[in-house]
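> Read off the chains here:
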Amino acid sequence: MQYPKAIISLLVTVALVYSLNRSWDFGKPIPPLGKFLDPFHGFWKNAETRNVPSEEASLPGIKAEVSVVYDSALIPHIYAKNERDLFFAQGYITARHRLWQMEFQTHAAAGRISEIIGADAIDFDRGQRRLGMVYAAQNSVTEMEKDSIAKMIAHRYSDGINAYINSLTYETMPLEYKLLNYWPEPWTPLKSGLLLKYMAKTLNIGNKDFEMTNALKLFGKETLELLYPDNEHVGDPIVDNPNGWKFKPIALDSVPLAIPKDFVQISQLEKSSPEIGSNNWAVSGGKTASGSPILCNDPHLELNLPSIWFVVHLSAPGYNAMGASLPGAPAVISGFNDSIAWGVTNAQRDLVDWFKIEFKDKTKNEYLSDGQWKPTRKVIERISAKGKPDFYDTVVYTHQGPITYDESYHGESEKNNYAFRWIAHDPSKELLAFYLLNKGKNYSDYMEALNHYTSSAQNFVFACTNGDIAMRVQGKYPVRRKNEGRFVLDGTKTSNEWKAFIPYDQNVTYKNPSRGFVSSANQYPVDDSYPYYITATSFEAYRNRRINHLLSEMNAITPHDMMKLQADNFNLKASESLPALLAMLDSTKFSAEEKAAYQKLKAWDFINDIASEGASYYEAWTWAIYPMIWDEVAASKVSLPYPTAYTTIKLLKENPTLGYFDIQATPEKETALEVAQKSFSEGVKEIEKWKLETKKEPSWAVFKDSYIQHLARLEPFSYHVIHGGNGNIVDAHSKRNGPSWRMIVSLEKSGVKAWGVYPGGQSGNPGSPYYNNMIDIWTADHYLNLHFNTSAEQIKPFSISTSTLKPEGK
Amino acid sequence: MKFIIQALATFIGCFVVQYFLPWWTLAIVSCTVGYYFHNNGFASFVAGFLGAGILWLAMAFYIDSSTQSILTAKVGKLFPVNIFVLMVLIGGLVGGFAALTGTLMRGKKMARY
Numbered sequence: 147m148q149y150p151k152a153i154i155s156l157l158v159t160v161a162l163v164y165s166l167n168r169s170w171d172f173g174k175p176i177p178p179l180g181k182f183l184d185p186f187h188g189f190w191k192n193a194e195t196r197n198v199p200s201e202e203a204s205l206p207g208i209k210a211e212v213s214v215v216y217d218s219a220l221i222p223h224i225y226a227k228n229e230r231d232l233f234f235a236q237g238y239i240t241a242r243h244r245l246w247q248m249e250f251q252t253h254a255a256a257g258r259i260s261e262i263i264g265a266d267a268i269d270f271d272r273g274q275r276r277l278g279m280v281y282a283a284q285n286s287v288t289e290m291e292k293d294s295i296a297k298m299i300a301h302r303y304s305d306g307i308n309a310y311i312n313s314l315t316y317e318t319m320p321l322e323y324k325l326l327n328y329w330p331e332p333w334t335p336l337k338s339g340l341l342l343k344y345m346a347k348t349l350n351i352g353n354k355d356f357e358m359t360n361a362l363k364l365f366g367k368e369t370l371e372l373l374y375p376d377n378e379h380v381g382d383p384i385v386d387n388p389n390g391w392k393f394k395p396i397a398l399d400s401v402p403l404a405i406p407k408d409f410v411q412i413s414q415l416e417k418s419s420p421e422i423g424s425n426n427w428a429v430s431g432g433k434t435a436s437g438s439p440i441l442c443n444d445p446h447l448e449l450n451l452p453s454i455w456f457v458v459h460l461s462a463p464g465y466n467a468m469g470a471s472l473p474g475a476p477a478v479i480s481g482f483n484d485s486i487a488w489g490v491t492n493a494q495r496d497l498v499d500w501f502k503i504e505f506k507d508k509t510k511n512e513y514l515s516d517g518q519w520k521p522t523r524k525v526i527e528r529i530s531a532k533g534k535p536d537f538y539d540t541v542v543y544t545h546q547g548p549i550t551y552d553e554s555y556h557g558e559s560e561k562n563n564y565a566f567r568w569i570a571h572d573p574s575k576e577l578l579a580f581y582l583l584n585k586g587k588n589y590s591d592y593m594e595a596l597n598h599y600t601s602s603a604q605n606f607v608f609a610c611t612n613g614d615i616a617m618r619v620q621g622k623y624p625v626r627r628k629n630e631g632r633f634v635l636d637g638t639k640t641s642n643e644w645k646a647f648i649p650y651d652q653n654v655t656y657k658n659p660s661r662g663f664v665s666s667a668n669q670y671p672v673d674d675s676y677p678y679y680i681t682a683t684s685f686e687a688y689r690n691r692r693i694n695h696l697l698s699e700m701n702a703i704t705p706h707d708m709m710k711l712q713a714d715n716f717n718l719k720a721s722e723s724l725p726a727l728l729a730m731l732d733s734t735k736f737s738a739e740e741k742a743a744y745q746k747l748k749a750w751d752f753i754n755d756i757a758s759e760g761a762s763y764y765e766a767w768t769w770a771i772y773p774m775i776w777d778e779v780a781a782s783k784v785s786l787p788y789p790t791a792y793t794t795i796k797l798l799k800e801n802p803t804l805g806y807f808d809i810q811a812t813p814e815k816e817t818a819l820e821v822a823q824k825s826f827s828e829g830v831k832e833i834e835k836w837k838l839e840t841k842k843e844p845s846w847a848v849f850k851d852s853y854i855q856h857l858a859r860l861e862p863f864s865y866h867v868i869h870g871g872n873g874n875i876v877d878a879h880s881k882r883n884g885p886s887w888r889m890i891v892s893l894e895k896s897g898v899k900a901w902g903v904y905p906g907g908q909s910g911n912p913g914s915p916y917y918n919n920m921i922d923i924w925t926a927d928h929y930l931n932l933h934f935n936t937s938a939e940q941i942k943p944f945s946i947s948t949s950t951l952k953p954e955g956k
Numbered sequence: 025m026k027f028i029i030q031a032l033a034t035f036i037g038c039f040v041v042q043y044f045l046p047w048w049t050l051a052i053v054s055c056t057v058g059y060y061f062h063n064n065g066f067a068s069f070v071a072g073f074l075g076a077g078i079l080w081l082a083m084a085f086y087i088d089s090s091t092q093s094i095l096t097a098k099v100g101k102l103f104p105v106n107i108f109v110l111m112v113l114i115g116g117l118v119g120g121f122a123a124l125t126g127t128l129m130r131g132k133k134m135a136r137y
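Chains as they are written, first to last, in this note's numbering: chain A, 147 to 956; chain B, 25 to 137.
Here are a few chain A residues that face chain B, going by a calculated C-beta distance under 8 Å:
id : residue
1  : Asn167
2  : Phe186
3  : Phe863
DSSO-like cross-link-like pairs, simulated, lysine-lysine; straight-line CA separation at most 30 Å:
id : chain 1 : residue 1 : chain 2 : residue 2
4  : A       : Lys842    : B       : Lys101
5  : A       : Lys534    : A       : Lys174
6  : A       : Lys151    : B       : Lys26
Worth flagging that the hints you see were computed from the coordinates, not collected in a lab.
All figures in this text were calculated on a predicted structure; none of them were measured in a lab.
Where is the CB? At the ideal position from N, CA and C, for every residue including glycine.
Work out the full structure, taking the sequences as your base and the hints as a guide.
What follows is the structure, given as structure tokens:
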């Protein structure tokens, strides 16, 4: 009678194997435990050491052998015999180290995150679809396919990634796939397009058109200009060329601004942090010790792991470029070659408009435009959330763009239909611009390359070994009448739509200015004599002034001086606001803690370095004062924009009795004085509370508690870091955002020298020592020497490993 | 003695097969070994449990020590229980039940003798 027992035992075994071979979701997702914990193929196999094995792979599609030499930072130096193999190898090698991140980010761009993490992300995914992210990426891919070079780059890069994906087994799969239990899908050029649109969204989506519309209706024109000026007129514009604009600008016939009548009442999608921005500058040889130009760039983005950047050196006959690339996009984005260097900061310009649409009826088949009913186009979006039935969303398109907000999505009423017009929806081929920059030899190559660059608008800094330096605020900008783009527009009229674009040769550009340097830090781009109207969510008021002040005083500059400037922690905002704020306090009312805090602030040197306690008290104070002053904005029934820090401080100093300083929740009538006193007490209380909770002293870096987070928000794969800086400081490292890549390039005729670092590591694998090895170097404000050698033999002394990619069958 | 040899055979058999094939093939190996050795049910279960469990533990320890626990420390924090214990339990239970199944499958044959 053993059979029944045997069958029961067999069933138990089979049930065990089955349940341990699949994932489960008990509120928290559980990976297939048997598969995942198996030491022969599971997560253990993702653990690595500093020794990088030399690999050899025979790959379909490679023409001639490609040599990939890794230096001690795991930076791949890729030496190919032709460009087709070069981009294939870039795709293969980038995927080798960053595949999971590449796919995760492009899934996020396409609104497909719920496929990986479940129903919680459906709202986010719908938002991405309704912003037209895939539509935008498709338009750019169609455009790239028309250009033989752009097509070649995108396809070869894609082929390389797919060659890597095809080589994967469960054992060699990146850790996150094992944890979240899914497989990578084939790469396509569309995914590279999606990645670039994702970047464009990060840089463009801070728009405040809705809030400004409400503010205009609530406050009126005069207050609007006081609280939210287009140009704060502070510091130097990026290009200061008064009366030097000798072209004939495009003129539009004048029509009145058509703003819809009602307040905008929608719950808006999440926006990018205002702390996202960047610095770049180039100094001419006349100001440097070597006599050659030096170029610097540090883009400030959300700090995540795996890092947004992957450093590569790409070499083939006629091609030799190095620098930071975006995993998922071919070529180098911020970098240098034998002759030139380039870098980017966000141009901030408003390239987003919202049109209020009037539909004929609930079917949304027709919409009103210039007195005519025009047909809409509908796209059915299928969202396949993990473990849930498919969710379908119909996105309606008008000629302006997709309807992002309506009664079914964040619109809250049938009256709220807003169509999204975004420059990134237009056909473009940014890849070609970067390819040409990678190969550029001089100023005219740089100018030609940028003629292919559309969105998102960037300040491109440039320097050349021949001594030239330049800055170009490049992008495709609609010609706007005054105030167009600042508010929501009436979608029933086409008169306020984008009629023309600023010709590229009329974009703001600067070459070899007499002051001996060019710089940009997201400030207002140009002097008042520039003939086109410019608006933006905000321009940065502090970093540019600090950078320009120091650069104009510096001479015989060395790369080391530039490293010090990138790490500069002087808080210009504090130096301009703190003395005035302290003078407003009534010291007779102080508690013991407030007295101590007051002394610390008085003695503070305005430097947000690691140990500074004054910085903690100052920042805690500003975090308290800002919402206290703008309580009218927070309490408003309709969403309103917040004035910038610069405007707030200016009003505090110059207009202390302004009505907005009154705290609405209290019966008394407050002025700036009372607000300063109350917020000071509140800030000190916050710090006291923090001290009690953490049992630590509030040194700035500890109090700030910066965090570099894994993209799947897994805590064990994330890091808290001790580092100075903050938003509005040159070293713009706040709690979550900061210099995501620091690069310094000395363009010496005898050979270009470069240094770089980023807060992460070249490997995307949390099980690799190269996952986080650059974080400590970065927090110490140190740099890696970027070995830029022109042949595989020259790089050998710095190499730790060499991989060879061979044509199939050889 | 037969018990120890069964455990050892499971250990070696699983090592060879698992090197190339997915994790669940350890069940097939344990089951086959259990069938062949035909220990009593309890002994067979324990032999399968130890053979597979110790193999996994040894392999995991080897990887963990040669990589200075770089990943074990991180992944361990994702689980509410110790991952070494969890892993041995999983490998062991599957190995044990498979071995038990193997022994029990021989049961009928035994009765004939």
